[in-house]
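Protein chains in written order, with the numbering used here: chain A, 1 to 262; chain B, 263 to 445.
Hints are computed from structural coordinates only; laboratory data are not their basis.
Worth double-checking, as some hints may not be accurate.
Taking lysine to aspartate or glutamate pairs in the EDC-like style, the calculated list, with each CA pair at most 16 Å apart, reads [said to hold, decoys possible]:
1. Lys330(B) <-> Glu22(A)
2. Lys425(B) <-> Glu195(A)
3. Lys276(B) <-> Glu353(B)
4. Lys329(B) <-> Glu41(A)
5. Lys233(A) <-> Glu254(A)
6. Lys330(B) <-> Glu29(A)
7. Lys330(B) <-> Glu149(A)
8. Lys425(B) <-> Asp209(A)
9. Lys167(A) <-> Glu254(A)
10. Lys67(A) <-> Asp314(B)
11. Lys65(A) <-> Glu309(B)
12. Lys278(B) <-> Glu5(A)
13. Lys65(A) <-> Glu281(B)
14. Lys65(A) <-> Asp288(B)
15. Lys330(B) <-> Glu27(A)
16. Lys437(B) <-> Glu43(A)
17. Lys65(A) <-> Glu284(B)
18. Lys329(B) <-> Glu29(A)
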Amino acid sequence: MNIQEYISSGILELYVLGKLSEQESREVEALAAKHAEVRKELENIFITMEQYATLHAVTPHSQLKGKIFSKITSYENEHRLDAQMKQLTTYKYTAIAASVLALVFMGFTLLYYSRWNHAKQKVITLEADKRMLAQVNTIHQNTLNRNKEMMAMLQDTNTTYIRLKGKGKSSSVYTNLWWNKTTGQLYVGSYLMPEVPEDKWYQLWAIVDGKPQDAGMLCEPKQYELCPMKSFKKASAFAITIENKEGSPTPTLENLVAIHTL
Amino acid sequence: MPKLSEQELVAKLKAKDREGFEYLYDNYSSALFGILLRIVRSEQLAEELLQDVFLKIWNNISEYDTKKSRLFTWMLTIARNLAIDKTRTAEYKHLVQSDNIYDYVYLEERDNALYKEVEYIGLKDILNHLPEQQRKLIDLMYFQGYSQSDISEELNLPLGTVKTRVRAAMNTLRKLLQSKNQN
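Input sequences plus hints: build the corresponding full structure.
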């Protein structure tokens, strides 16, 4: 663009007179910022119009000054009050909003704290349940394993079933025994024995080479379970006597309740 | 108050300094009032408008950009816009019809009592040397808010010519003002 042509086109005069569109005005301002000649010419036109305006000067009534300044004062006071009110209102609403938010937040916190606590309790309970179930499972597993062993033992051809019958007046009582001669394992199954005093219990004996050997106290009867006793690779007979609860190293022969000779 | 540079004055005004505004009033109120009077041609309206102009200067001084315009030009623009807007109101049109405004088109009629304070010898000189058409062109645009197309219609000029005519008129005015200032 030729700046001199631009200047002499009259566009700057129209700019100063305020006759340009917004876009044209921005263009003039941009060019003025860029070119010193445009700035200088604009300045000259500004001054021309200022001087022309000044030629029309008329001193306003002297009272007008006081009027204008009291207007500015009251406007300022109003404005200040307004701004303060606005600020107060803003504070007020901000405070209310903050309080509401805080309450909502507290509500949620309480709600979720209680839910969390509840869930925590539940987890603790579930963990305990799980541990208990695992223990029960172990017990069952052990029982199952034992029963498998028993089943294997019972079906072993080397296992003998022995029914130990009562002697004399106790002829109706019995104790079921299983003995595997190969492994020596000896088991007591179900039994029906006469009542004994509180401090007495049944002791099983194996007769080995003509001598009675302790085979252990009968265990408390348990359904569907065989109770393991001491092992013997050989025995000529099995007998049960009534002894003190803690057992006796030798059998008390007068308390013999059952015997079976192989 | 001692004479302030424009820069100092603007700084005071932007700080809403009361003394700065009094200085502004003392130095510029006559020029602004003269312009208002020239446009609305009613002393009462011009007084009302002068109050509006100063209030607007007070309120909008933060928007004034020293890079874009001179302070006086900026204030003149505010005054001109407020006054020209006023002449477009129904209230003003009613006033014109009831003949309550001064006929201000011709300088000769300004000899009445209202303008006795005006030192318009300079203006008379200048306007006497400004060709009638150029003076009309400037006054229609500057005081009556005519747009380029309004001018083109009023003065029966092609739109493209308005710009160059305005430039020519302003150049004549500038030279007249320069020679006056040299005297």
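Here's how the hints hold up against the structure:
Proposed proximity of Lys330(B) and Glu22(A) is supported: the alpha carbons are some 14 Å apart, at most 16 Å. Distance check on the hinted pair: Lys425(B) and Glu195(A) sit about 138 Å apart at the alpha-carbon level, beyond 16 Å; violated. Proposed proximity of Lys276(B) and Glu353(B) is contradicted: the alpha carbons are some 34 Å apart, above 16 Å. Pair hint Lys329(B) plus Glu41(A) holds up; C-alpha atoms about 14 Å apart against a cutoff of 16 Å.
Under the criterion of a C-alpha separation no larger than 16 Å, the hint pairing Lys233(A) with Glu254(A) is inconsistent with the structure, at around 27 Å. Of the supplied pair hints, the one linking Lys330(B) and Glu29(A) holds, its CA atoms being roughly 7 Å apart against a limit of 16 Å. For the hint linking Lys330(B) to Glu149(A), the alpha-carbon distance of about 107 Å lies beyond 16 Å, and the restraint is violated. At roughly 147 Å between alpha-carbon atoms, Lys425(B) and Asp209(A) are farther apart than 16 Å, so this suggested pair is violated.
A hinted pair counts as satisfied when its Cα atoms are at most 16 Å apart, and Lys167(A) with Glu254(A) qualifies at roughly 11 Å. Distance hint between Lys67(A) and Asp314(B) is fulfilled; the C-alpha atoms sit about 11 Å from each other, no more than 16 Å. Taking the CA atoms of Lys65(A) and Glu309(B), the gap is about 10 Å. The hint holds against a cut of 16 Å. Between the alpha carbons of Lys278(B) and Glu5(A) the distance comes to roughly 42 Å, so the proposed pair goes past 16 Å and is violated.
In summary, the hint linking Lys65(A) to Glu281(B) is supported, as the alpha carbons are separated by about 13 Å, within the 16 Å threshold. Distance check on the hinted pair: Lys65(A) and Asp288(B) sit about 9 Å apart at the alpha-carbon level, within 16 Å; holds. At roughly 12 Å between alpha-carbon atoms, Lys330(B) and Glu27(A) fall within 16 Å of each other, so this suggested pair holds. In summary, the hint linking Lys437(B) to Glu43(A) is supported, as the alpha carbons are separated by about 15 Å, within the 16 Å threshold.
Proposed proximity of Lys65(A) and Glu284(B) is supported: the alpha carbons are some 9 Å apart, at most 16 Å. The straight-line distance between the Cα atoms of Lys329(B) and Glu29(A) is roughly 9 Å, inside the 16 Å bound, and the hint therefore holds.
Consistency note: the structure conflicts with the earlier hints numbered 2, 3, 5, 7, 8 and 12.
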